[in-house]
Amino acid sequence: MSRFDDDGAGPGPVLQVDDLRVWYGTPRGPVRAVDGLNLTVARGESVGLVGESGCGKSTLGRGIVGLLPPGTGIDGEVRFADRNLVGLPPAALRDIRGPGIGLIFQEPMTRLNPLLRISDHFAETIRAHESGVGRKEIRARSLEALRGMGIPPTRFDHYPHEFSGGMRQRIMIALVLVLRPALVIADEPTTSLDVLVEAQILSILADLRANFDTGLLLITHNLGIIAEACDRVAVMYAGRLAEVGYAREVFAEPAHPYTQALLASTISLRTTELSYIPGAPPDLADPPPGCRFHPRCQKAMRQCAQHEPIPVRTASGEVTCWLHGPSNGQSPVDLEPLVREELRSADEA
Amino acid sequence: MPTKPEASTQSGTPTQRDALVEVRDLQVHFAIRGGVLGRLAGRSVGAVKAVDGVSFTLHRGEVLGLVGESGSGKTTLSRALLGLVPATGGSIRYAGTEITGRSERSLRPMRSKMQMVFQDPHAALNPAMDIATAIAHPLRIHGAAKGRADIDNRVRAALERVGLSPPEQFMAKYPGDLSGGQKQRAVLARAIMLGPELLVADEPVSMLDMSVRAKILDLMIELRRALDLTYIYITHDLATAKFFCDTIAIMYLGRIVEIGPAEQIYAAPQHPYTKALLAAIPEPDPTREVPRNLPRGEIPDAAVPPLGCAFHPRCPVAFDRCGWESRDLRTLLEQHWLELPVEQYNAERAVLGDLDRLDAPATEVVVPAARGHSGADVADLLRTVRDAHPDEVFWQGVAGTEVLADGVRVLFHQGTDPRLRSTNRDGVRAACLLHDSE
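Note that the protein sequences, when read in sequence, are chains E and Z. Residue numbering for the first sequence follows our numbering, starting at 1 and increasing by one per position. Residue numbering for the second sequence follows our numbering, starting at 1 and increasing by one per position.
Don't read these hints as lab results, they were simulated from the structure. There could be a bad hint or two in this list.
Stated by the list, open to error - Counterexamples of contact, computed for chain Z against chain E with all Cβ distances above 10 Å:
(1) ILE32
(2) LEU84
(3) ARG93
(4) ILE141
(5) ARG156
(6) ALA157
(7) TYR174
(8) LEU223
(9) PHE319
(10) GLY375
(11) ARG383
(12) VAL393
Said to hold, decoys possible - Here chain Z is said to cover these stretches of chain E; the calculated rule only asks that three of the stretch's residues, wherever they fall, bring their Cβ under 8 Å from a Cβ of chain Z:
(13) 56-63
(14) 82-89
(15) 136-149
(16) 160-166
(17) 185-199
(18) 221-230
In this text the structure is predicted, and so the values were computed from the model without any measurement. Even for Gly, the Cβ is constructed at its ideal location relative to N, Cα and C.
Use the sequences and the hints to build the structure in full.
And the structure:
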């Protein structure tokens with residue numbers, strides 16, 4: 001069992017992010033990549049985090065585990081195993097990464113050391129985090145983890161170049177799971193893979209919770225991937241959550257216009273006409289006032305440009321949009337459609 | 001052969017259904033050279049058949065989708081069409097002119113008629129070159145402009161055409177200042193600069209955000225209409241191809257395995273590989289799951305392709321004639337061991353000798369016993385494996401076994417390499433033994 005497994009005993013969330021802020025210093029002022037964000041991942045639950053490039057998804061994923069570049073500001077709370085990870089010294093964070101929170105990145109081609117056999121990768125990973133593990137146990141645990149990913153035991157002593165891209169990504173996942181983390185953060189884990197291999201990896205990720213009781217935070221820009229592998233979905237826009245809820249409900253009835261637009265722009269076989277979101281995510285050094293999505297929102301009202309929306313509970317989560325209230329104190333003028341100039345494609349992504 | 005290839009395209013009025021590109025039995029093989037000595041002697045130890053006997057006709061104004069996974073040869077095929085890699089066999093005729101075997105120098109004038117758009121717009125633009133210079137580059141290289149004013153006007157027009165307007169706002173910018181979608185627009189502007197007839201787009205939207213893909217596809221459709229372009233759209237994603245392509249060609253390991261009108265292919269895919277590619281596309285609908293019986297594994301090594309049908313090791317509907325062989329036996333053993341506890345795997349593995357003996361493609365192979373074990377032990381093990389999954393299609397491919405003193409000889413049925421044949425769907429041809437009426 002991992003040291004982190006039973007620390008926060010009970011059915012509570014394995015990860016709780018509270019009012020997290022992450023900002024990068026630039027000559028134009030701070031870029032607020034994550035700006036007051038709340039999110040929980042329950043034990044064994046998989047949560048998909050979706051949004052366009054530049055919405056702060058990857059910064060959030062890295063901020064949770066303290067993997068931000070030097071000089072980045074971070075504030076708020078990341079509760080994991082009864083500790084607040086924000087402000088922990090680097091050595092303590094290093095102890096948590098791996099056995100506590102595992103990380104899967106894209107580009108499996110570049111993440112394995114070409115000079116080390118797969119068996120060496122496992123030995124190094126296990127020894128770095130657990131002392132006094134014998135060779136026999138390392139082998140047994142590694143083979144078990146690889147088996148879960150469909151890598152045959154006969155290939156244990158092979159080198160990375162002897163595996164295909166999809167197999168390497170499965171080896172990466174096995175390397176993460178061999179430490180039995182309570183939470184896995186996967187940042188675009190299938191982006192450089194082919195459709196068929198992507199489907200294989202997705203079914204592995206979807207099975208994580210059943211087979212390992214591991215929490216998963218899956219970061220992607222493709223809603224199709226989230227539908228395949230996640231219980232809940234969190235839609236992120238300009239450093240904040242636009243909407244969060246059970247995947248089935250959010251996909252069936254998206255409450256936020258941004259979620260609706262993202263769904264409409266996802267190209268799948270059932271798509272009947274091409275649709276896209278006008279404009280591009282805002283510059284986070286100088287985000288628009290009011291609701292940050294209002295300049296691109298088809299349903300924007302006058303108040304959206306002036307007042308920040310307040311999170312409202314939905315059937316299974318939360319949505320932050322004036323269309324869903326609260327409806328106290330607005331004058332009828334506030335609810336009139338927002339008049340604005342046409343967006344030029346020049347401003348578009 | 002005309003020295004000026006443009007001559008042939010100017011003569012005759014191009015009707016919509018004129019053939020623009022005719023590819024016949026095209027081969028692009030890359031020789032693999034062995035060790036240092038072999039290299040010095042110029043010996044070749046084999047070849048990667050990146051494109052292996054591909055034929056199709058692309059009509060003017062048509063959009064052809066070349067679809068397949070990485071390693072299927074779709075990118076090599078498109079590069080060969082532009083003369084960027086030399087063909088090792090077959091013929092490519094562009095507007096009636098043969099382009100295989102021509103020198104780089106004689107190809108260059110033709111390139112103004114055929115342009116390419118690459119997958120990664122970040123890599124396709126020089127980060128130290130501003131957008132106006134980058135887009136004007138083709139004009140300078142081909143000497144197609146008359147002075148600064150002309151270049152300036154044409155750059156502005158191209159930027160407007162791809163939706164980067166007002167142009168002044170972009171001409172002095174560097175690629176680093178633009179978003180991914182804007183960069184891909186700039187790349188498209190550069191591609192249309194010389195007034196091409198054919199645009200080869202290699203995964204033009206796969207590096208882009210979902211919210212931007214539709215915009216770039218829309219732009220490409222709009223350019224097709226406005227500039228009367230013919231496209232080759234290369235992708236691994238049948239969902240985006242659906243919106244764009246008239247004809248779909250599915251490639252696998254250097255061959256076209258299915259080709260036909262797009263609407264037919266989407267309505268009723270004939271090849272098991274096409275069916276799998278379609279089934280694997282994730283739908284933004286949590287109530288539907290991608291089927292779990294998708295092809296296992298990945299595209300095999302093109303240097304030593306599977307015997308028989310190249311897709312048979314992954315095919316969910318393969319049968320005895322599909323080309324079962326020694327390497328499939330190894331895969332089967334490894335799959336079997338995946339299901340066993342480590343101790344049992346260790347015990348079973350100890351019965352067998354060097355499994356690398358199974359790695360050379362052959363329809364007859366001896367599964368060796370380890371030292372201290374006999375052929376009868378190996379036969380027992382194979383029986384155990386078979387009993388674990390008696391319905392495994394692999395066993396249909398086994399013609400017989402013979403127990404030797406130090407191993408078991410396994411004989412396979414001779415496989416058949418399927419050729420593209422007509423199916424019962426209008427205009428669709430597929431290379432699958434299921435469609436081989438025999």
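Tested hints:
With a minimum CB-CB distance of about 15 Å to chain E, ILE32/Z clears the 10 Å threshold, and the non-interface call stands. Against the 10 Å criterion, LEU84/Z stays outside the reach of chain E, whose nearest CB is about 23 Å from its own CB. The Cβ of ARG93/Z lies farther than 10 Å from every Cβ of chain E, with a closest approach of about 31 Å, so its non-interface assignment holds. The beta carbon of ILE141/Z sits about 27 Å from the closest Cβ of chain E, which is more than 10 Å, so the claim that it is off the interface holds.
Against chain E, the non-interface label of ARG156/Z holds: every CB pair exceeds 10 Å, the least being about 13 Å. Here ALA157/Z stays apart from chain E, with its beta-carbon at least about 15 Å from theirs, past the 10 Å limit. Every C-beta of chain E lies more than 10 Å from that of TYR174/Z, the closest at about 16 Å, which supports listing it as non-interface. Its beta-carbon lying about 14 Å from the closest one in chain E, LEU223/Z satisfies the requirement of being farther than 10 Å from that chain.
Look at PHE319/Z: its CB is around 21 Å from the nearest CB on chain E, clear of 10 Å, so calling it non-interface holds up. In this structure GLY375/Z is separated from chain E by more than 10 Å, as the shortest Cβ-Cβ distance comes to about 21 Å. Listed as outside the interface, ARG383/Z is consistent with that label: its C-beta sits roughly 20 Å from the nearest C-beta of chain E, beyond the 10 Å cut-off. Distance to chain E confirms VAL393/Z as a non-interface residue, since its nearest Cβ pair spans about 18 Å, more than 10 Å.
By the rule of at least three residues with a Cβ nearer than 8 Å to a Cβ of chain Z, the coverage given for the stretch 56-63 of chain E is violated, with 0 such residues. By the rule of at least three residues with a Cβ nearer than 8 Å to a Cβ of chain Z, the coverage given for the stretch 82-89 of chain E is violated, with 0 such residues. Residue count for the stretch 136-149 of chain E with a Cβ under 8 Å from a Cβ of chain Z: 5. That meets the three needed, and the coverage hint holds. For the stretch 160-166 of chain E, the proposed coverage by chain Z is satisfied: 3 residues have a C-beta within less than 8 Å of a C-beta in that chain, meeting the threshold of three.
Coverage of the stretch 185-199 of chain E by chain Z holds [criterion: at least 3 residues with CB-CB distance below 8 Å; count 6]. Closer than 8 Å: that is the beta-carbon criterion, and the stretch 221-230 of chain E has 9 residues meeting it against chain Z, so the requirement of 3 holds.
Figure legend: structure checked against the earlier numbered hints; hints not met, in rising order: 13, 14.
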